[in-house]
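K.L.:
Sequence:
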Amino acid sequence: MSLFPKLATALGAIALSASAAAAQDSAAQDSGPAQIAPPSPVHFTCERGVKIDAVFTGDVAAVLVEGRLISLSRAQSASGARYSFPGGSGYDFWTKGDTARLDWFDAEIGESVTLYARCKTDPA
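In mature numbering (1 follows the signal peptide of the UniProt record, and there is no 0), the protein residues as written are -22 to -1, 1 to 102.
The hints are simulated quantities; they were obtained by calculation from the structure and are not laboratory data.
Hints are supplied without guarantee of correctness; some may be wrong.
Cross-link-like lysine-lysine pairs, in silico, BS3-like; alpha carbons within 25 Å at most [unchecked claim]:
(1) 98 <-> 29
(2) 29 <-> 74
(3) 98 <-> 74
Kindly produce the complete structure, drawing on both the sequences and the hints.
P.N.:
Written out as structure tokens, the structure is:
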């Protein structure tokens, strides 16, 4: 059973709450309720055939890998996009174009280990 219906619903709720102020402003100007499309997952296949699915909503990424759902926030990166745990330690999910990788970073010792590399988006 896929976790994506639940994931899309959860991220839709996050998107709705994040845009509540904007929706209230537009509701004051409109007669109808604000419509927000549910986020679409991006499917990656990594080395060893590991699948990673990700949904991006604003500054949040929800990453599903090997049955584990990881919620990450957008972080500073020199190139591409990076999503990580607040505070520095934990998972880092990097994307650039149609590629991605998932790392574990330990801020206390300043070392990063790549968990899943050479991830490419699956063809549509």
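K.L.:
Are there hints from earlier that the structure breaks, and if so, what are their numbers?
P.N.:
none
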